[in-house]
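Protein chains: 2
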Amino acid sequence: MRASTALMTDRYELTMLDAALRDGTAGRNCVFELFARRLSGGRRFGVVAGTGRLLSLLRDFRFGDDELRFLRDERVVSPAAVRHLEDYRFSGTITGYREGELYFPGSPVLTVEGSFADAVILETLALSVMNHDSAVATAASRMSIAAGDRPLAEMGSRRAAEHSAVAAARAAFIAGFGATSNLEAGRLWGIPTMGTAAHAWTLLHDTEEGAFRSQIDALGTGTTLLVDTYDIARGVELAVRVAGTGLGGVRIDSGDLPIVAADVRSQLDALGATGTRITVTSDLDEYAIAALAASPVDAYGVGTSVVTGSGYPTAGMVYKLVARQGADGGWVAVSKKAEGKNSQGGRKSAFRRLVRGVAREELVEIADGFEISADPGDIADSRPLQVTLVDHGAIDAAHEGPQGVRTARAHHLRVREELPVRALALSKSDPAIPTVFSDAGRR
Amino acid sequence: MRASTALMTDRYELTMLDAALRDGTAGRNCVFELFARRLSGGRRFGVVAGTGRLLSLLRDFRFGDDELRFLRDERVVSPAAVRHLEDYRFSGTITGYREGELYFPGSPVLTVEGSFADAVILETLALSVMNHDSAVATAASRMSIAAGDRPLAEMGSRRAAEHSAVAAARAAFIAGFGATSNLEAGRLWGIPTMGTAAHAWTLLHDTEEGAFRSQIDALGTGTTLLVDTYDIARGVELAVRVAGTGLGGVRIDSGDLPIVAADVRSQLDALGATGTRITVTSDLDEYAIAALAASPVDAYGVGTSVVTGSGYPTAGMVYKLVARQGADGGWVAVSKKAEGKNSQGGRKSAFRRLVRGVAREELVEIADGFEISADPGDIADSRPLQVTLVDHGAIDAAHEGPQGVRTARAHHLRVREELPVRALALSKSDPAIPTVFSDAGRR
Numbered sequence: 003m004r005a006s007t008a009l010m011t012d013r014y015e016l017t018m019l020d021a022a023l024r025d026g027t028a029g030r031n032c033v034f035e036l037f038a039r040r041l042s043g044g045r046r047f048g049v050v051a052g053t054g055r056l057l058s059l060l061r062d063f064r065f066g067d068d069e070l071r072f073l074r075d076e077r078v079v080s081p082a083a084v085r086h087l088e089d090y091r092f093s094g095t096i097t098g099y100r101e102g103e104l105y106f107p108g109s110p111v112l113t114v115e116g117s118f119a120d121a122v123i124l125e126t127l128a129l130s131v132m133n134h135d136s137a138v139a140t141a142a143s144r145m146s147i148a149a150g151d152r153p154l155a156e157m158g159s160r161r162a163a164e165h166s167a168v169a170a171a172r173a174a175f176i177a178g179f180g181a182t183s184n185l186e187a188g189r190l191w192g193i194p195t196m197g198t199a200a201h202a203w204t205l206l207h208d209t210e211e212g213a214f215r216s217q218i219d220a221l222g223t224g225t226t227l228l229v230d231t232y233d234i235a236r237g238v239e240l241a242v243r244v245a246g247t248g249l250g251g252v253r254i255d256s257g258d259l260p261i262v263a264a265d266v267r268s269q270l271d272a273l274g275a276t277g278t279r280i281t282v283t284s285d286l287d288e289y290a291i292a293a294l295a296a297s298p299v300d301a302y303g304v305g306t307s308v309v310t311g312s313g314y315p316t317a318g319m320v321y322k323l324v325a326r327q328g329a330d331g332g333w334v335a336v337s338k339k340a341e342g343k344n345s346q347g348g349r350k351s352a353f354r355r356l357v358r359g360v361a362r363e364e365l366v367e368i369a370d371g372f373e374i375s376a377d378p379g380d381i382a383d384s385r386p387l388q389v390t391l392v393d394h395g396a397i398d399a400a401h402e403g404p405q406g407v408r409t410a411r412a413h414h415l416r417v418r419e420e421l422p423v424r425a426l427a428l429s430k431s432d433p434a435i436p437t438v439f440s441d442a443g444r445r
Numbered sequence: 003m004r005a006s007t008a009l010m011t012d013r014y015e016l017t018m019l020d021a022a023l024r025d026g027t028a029g030r031n032c033v034f035e036l037f038a039r040r041l042s043g044g045r046r047f048g049v050v051a052g053t054g055r056l057l058s059l060l061r062d063f064r065f066g067d068d069e070l071r072f073l074r075d076e077r078v079v080s081p082a083a084v085r086h087l088e089d090y091r092f093s094g095t096i097t098g099y100r101e102g103e104l105y106f107p108g109s110p111v112l113t114v115e116g117s118f119a120d121a122v123i124l125e126t127l128a129l130s131v132m133n134h135d136s137a138v139a140t141a142a143s144r145m146s147i148a149a150g151d152r153p154l155a156e157m158g159s160r161r162a163a164e165h166s167a168v169a170a171a172r173a174a175f176i177a178g179f180g181a182t183s184n185l186e187a188g189r190l191w192g193i194p195t196m197g198t199a200a201h202a203w204t205l206l207h208d209t210e211e212g213a214f215r216s217q218i219d220a221l222g223t224g225t226t227l228l229v230d231t232y233d234i235a236r237g238v239e240l241a242v243r244v245a246g247t248g249l250g251g252v253r254i255d256s257g258d259l260p261i262v263a264a265d266v267r268s269q270l271d272a273l274g275a276t277g278t279r280i281t282v283t284s285d286l287d288e289y290a291i292a293a294l295a296a297s298p299v300d301a302y303g304v305g306t307s308v309v310t311g312s313g314y315p316t317a318g319m320v321y322k323l324v325a326r327q328g329a330d331g332g333w334v335a336v337s338k339k340a341e342g343k344n345s346q347g348g349r350k351s352a353f354r355r356l357v358r359g360v361a362r363e364e365l366v367e368i369a370d371g372f373e374i375s376a377d378p379g380d381i382a383d384s385r386p387l388q389v390t391l392v393d394h395g396a397i398d399a400a401h402e403g404p405q406g407v408r409t410a411r412a413h414h415l416r417v418r419e420e421l422p423v424r425a426l427a428l429s430k431s432d433p434a435i436p437t438v439f440s441d442a443g444r445r
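Listed in order, the protein sequences are those of chains U and G.
Sequential numbering from 3 applies to the first sequence in the numbering used here.
Sequential numbering from 3 applies to the second sequence in the numbering used here.
Everything labelled a hint here was simulated from the structure, so no lab data went into it.
All clues given are correct.
Identical chains blur together in the list; that is why a pair holds if it fits in one copy or across any two.
SDA-like cross-link-like pairs, simulated, lysine to any residue; straight-line CA separation at most 25 Å:
#1 K430 to T306
#2 K339 to T306
#3 K339 to G257
#4 K339 to I218
#5 K339 to G318
#6 K339 to G212
#7 K339 to D285
#8 K339 to P260
#9 K430 to Y314
#10 K339 to A329
#11 K430 to G150
#12 K430 to G43
#13 K430 to G313
#14 K339 to A235
#15 K339 to E239
#16 K339 to A301
Excised from the complex, chain U in its bound form:
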């Protein structure tokens, strides 16, 4: 049995559940919405990631003996609430954007429908997963755009907590990276893994030549040799001398990369190693990658900046009650009114409006009542954005596992093509397309 995820939850969710069981509101049907009020860092689009992970974690959102004992012993909630949680299993419905889809301010990324008791306690887990994974995917997509056709590998595991590292490798792959250094991401999610040697390999040996020779004996001349442990020019000369002109590649992890890359390319060509590829891996982010576009670099490895969202490690999404049943059973749209944090109440349907294949606006329709037909067939030039992820408690397994990752990556690369050209610039600006809220009926 896998570990329970049920206590990856803020205490107040269970406190509210407890009080709602007492006062009879626990059974009120509710609509919670997960969305971002704005895009972090003047980004022009966000990338939805984490959906497939969240669905698998939802399967393990059960209160086992250890979790129940903690809640009882610490008196987090009443005995009646503990009994309620013994049998808890989410039985509501979740619709949401496909993983890999783009999002904009106010996009209803996830809509969770169910009783208050069912839905309120998913807040923290849903936000933890979606905020982290979407932040990484959003940064990764910008890097992938900057890299163009050159291969891009994620190698930032050491700069992220151990489980986050695996999730980050997954999010980066969905957003266009081609490989990861993280082996667990390879095992769990089917992502290609890469890597040959660190500086420790050279330092372990009595000479750099000995290190290179041994690596080539083990991995063949197609391997990539790390040439900057001592002196780069001497390292390159030695690498070609040891491996021959068929050497697969050299990696550079330090120095002023545009200058160093040009020097190394000249040296390799002069030595006859014209097919030897140059990989650079030193503190890259989307701006550094863009600055190397004209340099003779063949591949990039990105660490810290991708796994930390390149300055914005969380997507800032929130999980808000937007509609509920009242005492009379009728539906009421609700939203907080406090200063500066207004949000749109009501259940929403979302469409991307396209003109000649180019995205023009994010259309978010607010339903008057609970039942709205969101039949996409009658919407010209609009693409419906929401799919059913959980149907009355039944999780759609198509979004999970390695298959879900492949589908999400393909979807991301496809919908990215719909963006207007201005969306591809790296500078800070407004969202690439506006979000337009409307009552049902406009189109």
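Following the hints, put chain G in place on chain U, whose structure we already have.
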């Protein structure tokens, strides 16, 4: 059985292991060091965190059937290397700073000694844990200093990936926070948990009064009511009307906090609720907390900024080979010489030199040979910083679990008192004390 951590590893570590098994260097004894070249963000000190977690994760660093099958099927390493990994268990020695200790540039936070094969493959896991947890603890300690005697709670789980959230709650507690909203952190690490209600609680009910009344019925008048869902002044008036002047507290999650806190305090006092406490929770960081020092605030809740390291989500520590045995069995200090990334080779002993109880410098002695006596008894006014965490494969359990967390927190609060006054300022500057490298003999 707990999940294996063995593939939370960059592929190149296993590739190097594989090649080292072939060329005979796998058995060379090595010293790897985990340290930070600089303090992120102009911080004046860093806080070591993650040590206790790392030791527990090291217990699970075993290659099971699933991990071995992946390595074999994907041909990550040769069959001989897969056979070697079947029996892998770290049998070396790890010394390091106590969890909760302060660190400075070049402090040998962890020293890992063992064969190359034993030690090289711990790089990613060790860095993932220490970089994340230390980044959070360093930010948290600054917030704890800024908060002074006022209680401080961590509530950022939703802005960190689901496992990182638990680790962040732990790191913040070690660095001086008093509680967390994260229930799993309470269960796993014994950290006090807190929380009462979100805006969804008020919105669920037909009226704000109904929500407040129900919460008080469930949790008593000592509870904290969230008063900013609609209008704060009306919320405060209502809260006291419903709960009476014995109301425990009100929470404010929006607005211009210095102004709002003063207004709410005046209103509470005028209503006779002079003992009702004010908790603020809106986008706080160490600077906002410091700016509220003169405001009538009784407690702080901090979310995003603490779990993301307040702008610096990773501590930037590295794991470097610093000494190894040569072909003749003698020890050789090694270090990379490439531009801009020099580090000090050699095995190190570290001491904090104090004058009248105030820290003056971080003394890092570099041993000439491998065997150096680091008997602290003969060092006047110096405090030895390293302890044995793993002794020839035997993990010291005293650092693990809730007991380890309590010990680390007490240690942190004690050693923070040794800092010079200038170390407590929040502005960017140099490290509070210099790191002095010396050959053994000076003192």
